[in-house]
Amino acid sequence: MALREHLDYAEKVRTQRRTRVVTVLFIAAFTAYLGTLWYLQVIRGETYRTLASENVLRTVEVPAYRGNIRDRHDRILVSNRLAFNVRMDREAIRDREALTRFLATLLEMEPDILRQRIETARPRPLERRIVLAEDVTLKQAVSIEARQLEWPELSIEVEARRSYPHGRMSAHALGYVGEISEAEMRSGAFADNLVGGDIVGKTGIERSYEAGLQGSKGARRVRVNSRGRVVEEIGLDRPPRHGTDLRLTIDLDLQRVLEEAMAGHVGAGIFLDPWTGEVLAMASSPAFEPNLFARRFPAEAWNKLISDPLKPLQNRVSLSSYSPGSTFKIVVGAAALAEKVITPSTTIFCPGYAIIYKHRFHCWKAGGHGAVALEDAIVHSCNVYFYQVGKMLGIEAIASFARRLGLGEPTGIDLLHEDAGLIPTPRWKEETRGQPWYAGETISVAIGQGPLNVTPLQMARMAATLANGGRQVTPHLVYRGEIAEAADASRRRDEAGFTARTMAALRRAMVGVVERGTGKAARLADIRVAGKTGTAQYSSRSAGVDADELPYAIRDHGWFVGFAPADSPRIAFAVFIEHGGHGGTTAAPVARRVLERFFSPPEEQPATSPGRGLKDMQAATPTVGEGSTGASS
Amino acid sequence: MRPAELGSFDWPLFLAVLVTCGLSLLTIFSATFQNPALSGLVARQAFWIGVGLVALLMMLSIDYHTLAGFTPVLYSAAVLALVYLLFFGRAIAGTRGWLELGSMNVQPSEFVKIVLILTVGTYIAATGGHKLGWGPLATLMILAGLPVALILTQPDVGTAATLVPVLLVAVFVAGIQVRVLVILALILALALPIAWVTYFKDYQKERILTFVDPERDPQGAGYQVRQSKIAVGSGGLTGQGLFKGTQSKLQFLPAQQTDFIFAVVAEELGFAGAGMLVGLYLFMTLRCLAAARLARDKLGRYLALGFGTAFGCQSLVNLGMMVGLVPIVGIPLPLMSYGGSSMVATLMGFGLVLNVNMRRFVN
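Residue numbers (the working numbering), protein chains in the order written: chain C, 3 to 635; chain F, 9 to 371.
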């Protein structure tokens with residue numbers, strides 16, 4: 003019995019000791035927990051408090067509407083319309099594959115496209131909702147909203163989308179918009195509050211007036227729940243500043259006629275007010291459909307446009323330069339008169355060719371023009387006359403006067419990029435090709451051939467200078483206001499340095515071109531038009547062959563440059579038709595159609611409604627409000 | 009009950025249990041009052057606390073020696089119930105651990121916990137005062153292993169895991185031959201990798217991997233840990249204020265009236281409240297262990313020890329989940345989390361401990 007009690011006692015002592023060990027272990031564990039709790043709550047409490055408030059407080063953008071663009075009579079050229087986008091909250095996503103299948107079926111899209119869009123947005127901050135599909139139909143939008151409980155990660159966002167109601171009309175002048183690229187964000191050329199997914203101007207007016215058109219996003223603070231739904235509005239941090247509207251100098255009616263006349267041609271046409279430089283109509287053909295770009299995912303449209311052999315994205319007005327052909331004879335004539343190497347009555351005999359520097363240069367008319375003075379030389383576009391005048395002038399004088407007429411340098415039009423063109427000089431040749439200038443090259447340049455390149459816009463500006471008596475104007479697309487434009491028009495400085503006599507002689511010759519020469523196709527019944535045709539030789543195979551018989555790609559380029567009315571000009575122009583053959587047969591008729599419209603506008607006046615664009619949009623679509631964002635819908 | 013027994017009743021422990029139950033009601037209210045679908049939870053929890061207190065009194069009034077006499081019957085019933093569940097159990101949250109009784113869903117594994125404590129305690133008390141050798145150890149492992157294995161097949165790793173310490177601690181306190189201990193440790197070391205490959209489901213592995221590296225998948229398995237830590241941390245010293253926690257009110261916290269209820273307390277009452285609650289759990293655990301130390305005999309000692317271990321370990325696992333010290337395994341915080349089975353079973357366990365404590369001087 004004593005042994006039994008002793009054993010029991012020993013067991014009791016041992017188990018009590020071990021229970022104490024267990025007790026100590028529990029105390030240690032719980033104390034460690036208290037320490038962790040202290041660390042989390044007190045030491046790192048601020049950090050977690052910030053994380054908690056970031057969980058619930060969101061700054062939501064309040065979009066600023068892009069400014070509208072109107073024509074000179076306040077008719078809408080570019081505005082905004084409402085579009086429904088499908089946005090996804092990546093923080094709330096649960097089953098990505100099921101979601102992709104659901105959306106692909108509903109929106110009739112390839113699931114791979116959706117997966118790719120999710121993938122592309124990966125680098126963006128997770129809390130930022132990404133656009134999965136844009137511009138869905140109202141029916142699709144409603145279907146998604148109705149299944150909110152099933153797909154809480156999806157929301158429908160109402161977005162103002164850029165709209166070009168006239169489609170391709172003046173597409174190159176207006177440009178297009180698109181999602182800002184990473185490179186553009188880094189460039190510093192755009193507002194610094196823009197983030198991936200924002201829409202910016204990419205080309206044309208949309209790009210060059212981006213800062214004003216863009217406006218500035220506002221911000222509001224909201225409290226959201228774990229699904230990102232707004233549960234409470236806290237307030238407007240910053241009201242949005244909507245983009246300012248632009249009024250262009252373009253006349254929609256004239257523009258329409260120009261584009262109709264250019265249809266089917268490849269080329270460019272520009273019509274200016276010769277006194278102010280206001281662009282009244284400007285077209286590059288073929289044009290593109292800017293509405294295709296007013297979206298986030300333009301890949302298909304892009305590829306089609308980029309691979310088009312006619313290059314519809316190319317702005318042929320100011321970004322392409324071409325050989326000026328015979329239109330350059332005006333420059334040489336003007337230079338010769340100003341340098342007094344000839345007078346208007348100096349005659350030169352054209353036997354159909356000229357032998358200069360032991361080389362035989364041909365006139366386009368095999369039999370020759372006989373004895374011609376300046377006027378007839380321009381009217382009939384006699385090459386031999388200008389070979390001789392060019393030889394007398396020399397390349398430096400020709401180049402200098404070409405510059406005075408605005409060739410070979412950017413015109414300063416209010417588009418961001420512009421081709422300078424090229425007026426060759428001996429120094430240029432030395433620097434770029436390391437070869438001396440050959441005197442024979444001057445003879446080619448004198449009739450507008452050789453390494454000579456001008457943009458159609460430069461030619462139109464030259465036409466304006468000839469029309470206004472020698473003053474350089476700066477072509478521009480955005481209307482500067484009555485006072486500024488009037489001041490421009492009344493400014494009289496003969497910057498080009500031509501005398502009135504020189505100008506009068508050139509004008510007479512150019513009127514002759516239209517009345518009885520190569521430009522007869524531009525004649526108007528009661529308005530005298532001054533002009534000069536040009537046919538830029540594109541290939542040696544094309545020399546002296548009728549354009550219609552040549553394959554398109556090696557046909558000559560056609561030019562028609564001029565102004566009207568000849569005595570008190572109100573409009574100056576340049577029309578260029580790529581591979582159009584003779585300028586008198588392709589370019590001149592285009593100019594005539596626009597001039598006809600300009601001088602005999604239809605009876606009814608365009609309805610002018612100088613309201614603000616934004617208000618117009620809101621009036622037309624009352625559902626647009628400042629609170630319409632994805633988060634609240 | 010005799011007056012002498014009432015005189016040695018552990019009032020502080022009982023009071024601590026009541027206070028915790030009260031806190032449970034308050035916190036469940038805070039976690040659910042904004043959600044109309046959950047509006048009945050507070051009343052239901054109050055009802056189960058009432059049922060649990062009645063069960064506690066019943067456990068208290070019958071001498072634990074008498075209770076231990078029912079052990080073979082209770083054990084058989086428990087195993088049968090678990091087998092029944094395997095075939096007819098109702099699956100909730102992927103676990104076939106629920107028995108449908110009328111309109112109620114009962115989780116038998118919570119009660120198996122009490123039965124297992126009785127089984128282990130009764131068996132060890134019946135063996136002599138020697139350290140455990142192979143024979144008794146094998147018997148214990150089979151006795152305890154059967155229900156654990158059945159719960160694992162539900163599969164409910166969390167609950168099964170809370171049963172293991174009961175056995176381990178009992179064996180440790182009873183004493184074990186060193187040779188046996190080493191061999192067991194080796195077997196365990198071999199079994200874990202095999203279990204990883206063959207038993208664990210992908211989501212369970214994911215949880216464990218996420219625990220090792222929380223940034224592994226911030227949207228998936230890491231989300232709960234992250235949101236829970238944010239909730240706890242944002243409480244600061246004094247909390248965001250009762251009923252004002254943003255993590256819980258705006259539904260960032262998962263399962264906030266059940267497994268994650270501690271995070272609600274921590275968020276709203278701060279370290280002041282959460283630290284006190286942790287202290288309360290430590291206090292209750294220590295009172296159970298003290299009851300084991302002071303118990304009149306071996307049976308009482310192992311019963312109190314068993315429950316104290318189960319309660320303490322389960323609390324530690326749950327609290328550890330909240331502060332990121334333990335992987336998310338989905339077990340409730342006893343006495344606090346919403347759930348009738350857990351509440352009643354836990355209060356029954358406290359009844360057992362109070363029973364042992366109350367009868368420590370009686371002969």
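The reader is advised that the hints may include incorrect statements.
Below, computed lysine-lysine pairings styled on DSS-like, alpha-carbon distance capped at 27 Å [said to hold, decoys possible]:
no.	chain 1	residue 1	chain 2	residue 2
1	C	Lys14	F	Lys139
2	F	Lys252	F	Lys139
3	C	Lys313	C	Lys204
4	C	Lys313	C	Lys342
5	C	Lys360	C	Lys431
6	F	Lys306	C	Lys14
Keep in mind the hints are simulated off the structure, nothing from the lab.
Here's how the hints hold up against the structure:
For the hint pairing Lys14(C) with Lys139(F), the CA-to-CA distance comes to about 12 Å; that is within 27 Å, so the pair holds. Distance hint between Lys252(F) and Lys139(F) is unfulfilled; the C-alpha atoms sit about 54 Å from each other, more than 27 Å. About 17 Å separates the Cα atoms of Lys313(C) and Lys204(C), which keeps this hinted pair within 27 Å; it holds. For the proposed pair Lys313(C) and Lys342(C), the alpha carbon gap of about 44 Å is over 27 Å, so the pair is violated.
Restraint check: the Cα-Cα separation between Lys360(C) and Lys431(C) comes to about 22 Å, which is no more than 27 Å; the hinted pair holds. Distance check on the hinted pair: Lys306(F) and Lys14(C) sit about 8 Å apart at the alpha-carbon level, within 27 Å; holds.
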